[in-house]
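Engineer: Protein chains in written order, with our numbering: chain A, 1 to 755; chain P, 1001 to 1300.
Hints listed in this document are in silico derivations from the structure and should not be mistaken for laboratory results. Model, not experiment: these values are computed from the prediction. Among the hints, a few may not be true.
With beta-carbon atoms standing in for the labels, derived distance ranges [stated by the list, open to error]: (1) A:180 - P:1098: 52 to 62 Å; (2) A:60 - P:1150: 51 to 61 Å; (3) P:1061 - A:195: 45 to 55 Å; (4) P:1001 - A:625: 44 to 54 Å; (5) A:59 - P:1156: 44 to 54 Å; (6) P:1253 - A:400: 30 to 40 Å; (7) P:1133 - A:122: 48 to 58 Å; (8) P:1031 - A:17: 24 to 34 Å.
All C-beta atoms, glycine included, are put in the ideal place defined by N, C-alpha and C.
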Amino acid sequence: MTTTELPIFNRADGPDKVTGTGRYAADISLTGMLAAKFKYAGIAHGKIVKIDTSAASAMPGVFAVLTADDVPDVRYSAVIADRRLFAKDVVRFEGEVVAAVAALTPELAQAAVDSIEVTYEELPAVNDIESALAEGSPLVHDQFDTYGVTDDTRMAANDAYVSTLSFGDAEAALKSADIVVSGRFVADASHAVPIEPRAVVAQWEGNKVTVWTSTQVPFDARNGICETLEMPANRVRVIVPHLGGGFGGKCGFHFEAHIAALAKAARRPVKLVFSRMEEFLAPDRRREGMVIDITTGLNSDGTIVARKAWIALDNGAYCSDSAFFPQMAAMHVLGPYKVPNTHVESHLVYTNHQPSGSVRAPTAPQGCWAVETHTDELANAVDMDPVEFRKLNCVGTGDAGAMGQVYEEIALQECIERAAAAAGYGQDLPENEAIGLAVGWWPSFPGASGSYIKLDGDGSGQIITGAQECGTGAVMTLPYLAAEQLGMQPEDFELVYQDTSAAPYDTGATGSQTLLNNGRAVQEAAIMIAGQLKDLAAEHLEASAGDIVLADGAASVAGSPDRNVTIAALAEIAGGGELLIGHGSGAPPDYPDNAVGATCLGDQGVAAWVGPQFMCHAARVRVDRDTGVARVLNVAAAHDNGTIINMTGATGQIEGGILMGIGQALTEGTQYSDSGKQLNAALLEYKLQTSADAPEISIEFVQINTPGAGPNGAKGLAEAPNVPTAAAVSCAIAKVIGEPVRQLPMTAERVWKTA
Amino acid sequence: MSFAIASSVEEALEALDSGARPIAGGTDLVVGARQGKGGLPESIVAIDRIAELAEIGVADGGLRIGAGVTHARLMTEPAVVDRYTALADAAALVGSPATRNVGTLGGNVMNSSPAMDTGAPLMTFGAVAELRSTSGTRTVALDELWTGPGKNSSQENELCVALVLPDLGERAGSAYVRLEYRRAMEIAVVGAAATVQLDADGNFESARVALTAVAPKIIEVSGIADVVAGKANDDALGALVYAQAAEQATPISDLRAGEEYRRHCVGVMARRAVEAAARRASGETIAVPVNRALGVGANA
């Protein structure tokens, strides 16, 4: 193996995107293509009495009108099969699709949608997490017991899932603790808000359908089509053109089957393009609202002895991938601390809101915000500096975490020191400024993933991968890994990707997993080709294959660099005989066996983590005491994400995650009407941070050799930077105004009311 | 639907007579139509290429600003920045660079939103709107022009061609400050403008204060001149200005803020506007916009 200097990565898709030549799903235009529009419920909860589509069907230029009656009667979802493509009998949130129309133009399709008459018997909306759990609450799903969930840990009728994490004896330890501190924290729901509202195009050829879609997870999208339209995987092809961001909002299967069904019924290609408002209302991916009660017991020396917590998460009307959220939320409320006795009860609660789903580090920014704000209160209670308190209680190498997992090489303690130093923690500041510091963590997710590589006769390579690039640059990093194995340059490879019929399976741009898993697949595929090249070279150079070294674009005999042949020449030879084709998948890293929860029955699989990532952010914040407006001046981030392979991409991830975190901290929150409808489903009233709001950001990666990590020691990275920023901002605000703000986002008005 | 481009005010007025609606930057009209606030008008006449509307000139010792002058120009035009600084403060806070490059003063005034940024400064200057139709020209004081949210007293066939600002006299200064949750793409939650005049000793001679987004239209705070007369620019005066403004505001509760918070913040904005205006009147240079220079609202 040769090592090349860590290169500066120029994004392969960069020039396309910045010059406007890049093509997204909404840019696709096919002969005879129709426009799709959806009829949404428009109310949060109601029984469907009658759907009358006759006027729509009769309109000239309308080619297809579909309702639940026109597609297979399939109930589906990632974990709990609780929903259908089109609402049947009951609508459970305002953005639920009741009918779909394909017509010659978007305007005509909208007119047809407007002419569809749906008669409802309105039902009381379940609009609040806590009252949803109360005895006698209206039910979101009154036939949950028919959904085939066998592991029933539910306590209340609107529970979708409940997780209870226990370790040691929290009750007894709290009783004997010197100091007990409790706090309640409430996080509003928020959104991923990718810059590109999604688009889907479907076209049939015979009994096969091709769907172009803005998804982060093409194979999930394909599988959703297969499941709901009852088709085998080899007749469904999903292609993703350039993706205009996702942030988790485009994970999961959404509207691909609706458009495929419309295209089939209309016998023409059909295109759906969402408005910004639809992007807010309809997808089952929004960041869950949460209520968090935490109680922690301390010894008088500041050592944490026990933590109890109660968490309720707003699941919304249907379960997407949210089933693992209760346990994940519990892990974040425990945090990367040595807590010997724990008990966390965590409810995923059905409401008549838009469904929740994985938005960048689901449950983590809220859980971290709550526990880190609470941690500063703990430090205050024993009169310790919050940084010293964290150094005392956070896990280090060899320590056991809250659920008993013993961490091998980790760098959290060093992250704390570096972030504090970079932020100038401890310096004198003006009285309306403070530095807040927060720690966070996030798992790496091992999973199946595949890739092919071929070297053609001219020596140029192609990596055909199932991985999806959603703007993180992770897929762009793959050529480096292939080149490294083959003694070639990253520029020698082109990527063929985001086509489910061309490439093997990958989970997609979700769970920060691309480099971790697909990187391994690409390495394996490259190693296979390296073996072929070495055999060819051995024959050509009359040497043993074991003595062949691949470096600088050539194969040579170890110790005799003059005996060499270029890889291009070997490729030409192979091109006339046995072709150079590699494939890889490889076994994912194993889960640790020293932890509670790793294999327990009923476990949601996230109580023990492979390749855990650790981070510490320190935020310097100024608060305008008169108005409560907070402004983040600097953020110093120190991360243990293992080895960094693509520094350009990694830096961009951290910067973006911090800005997204500031949005969650200060301005981004969904507001609901009394009837359960979103009040600010538009960018005028849902306030993202702008580039003008960006603070100065400093970034340090503490790169250590983590056991169980991915290729070259890399862990995941995409979600980690989104975890602790809001928490750090919260700690800083609390320092300035003397009291934590207990609701997220910490809007100016909430800061002012708290102060 | 018809779309015409007028090359002179006369052409535009003839189009209005036939029922067309004017469009300059389109930052309210087009965005509103896209959001479903009523469609676009059937007939539109573009007035953005009329040279006369983009003129800025001296009139009776004051300033006459063409209705087609953009926010981007207002925030840098020396005559505005030097003498009517509050208007430059306001223009600099409108939307984004893209909005400021096409959005116009006339459009902002005639859209008649109580959240408009340029309205409060113009009101404290005592500016008048010059409305023209094929039957003549008239000037209307702003408190008579605006009649409610999105409503004004102009006739369908009248075009706002200019805003006329009077001479503010010696030792005058002005400022506009706005509550901001973020530093771009904001709409006023509350704001306040102040125009003050100092006496030879540096104490207040007079002051006018107007408030943004706390009533159905931009309102002027009454009685401010009496409150400030003869007083120094200090904390005690600030408290009086705060109380006067907060008391006269009639804000609503909505997604952007609650009534109590708005009432409080508009008092803070009024206090800060008066303080900054007085410092400018005393000769101090505070860069445009005040929000950034002083760290008001979003804390520069």
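Engineer: Could you run down the list of hints and mark each one as holding or not?
Structural biologist: Each hint, compared with the structure:
1. Here the CB-CB span from residue 180 of chain A to residue 1098 of chain P is close to 54 Å, well matched to the stated 52 to 62 Å.
2. At roughly 37 Å, the beta-carbon separation of residue 60 of chain A and residue 1150 of chain P lies outside the given 51 to 61 Å, and the hint is violated.
3. Judged by the Cβ atoms, the range 45 to 55 Å given for residue 1061 of chain P and residue 195 of chain A holds: they are separated by roughly 50 Å.
4. As the Cβ distance of residue 1001 of chain P to residue 625 of chain A is approximately 52 Å, the hint placing it in 44 to 54 Å holds.
5. A beta carbon spacing of about 35 Å between residue 59 of chain A and residue 1156 of chain P contradicts the range 44 to 54 Å that was offered as a hint.
6. Between residue 1253 of chain P and residue 400 of chain A the CB atoms are about 50 Å apart, so this pair departs from the stated range of 30 to 40 Å.
7. For residue 1133 of chain P and residue 122 of chain A, the hinted distance range of 48 to 58 Å is satisfied, since their beta carbons lie about 51 Å from each other.
8. For residue 1031 of chain P paired with residue 17 of chain A, a C-beta distance near 25 Å keeps the hint of 24 to 34 Å intact.
The earlier numbered hints that this structure contradicts are 2, 5 and 6.
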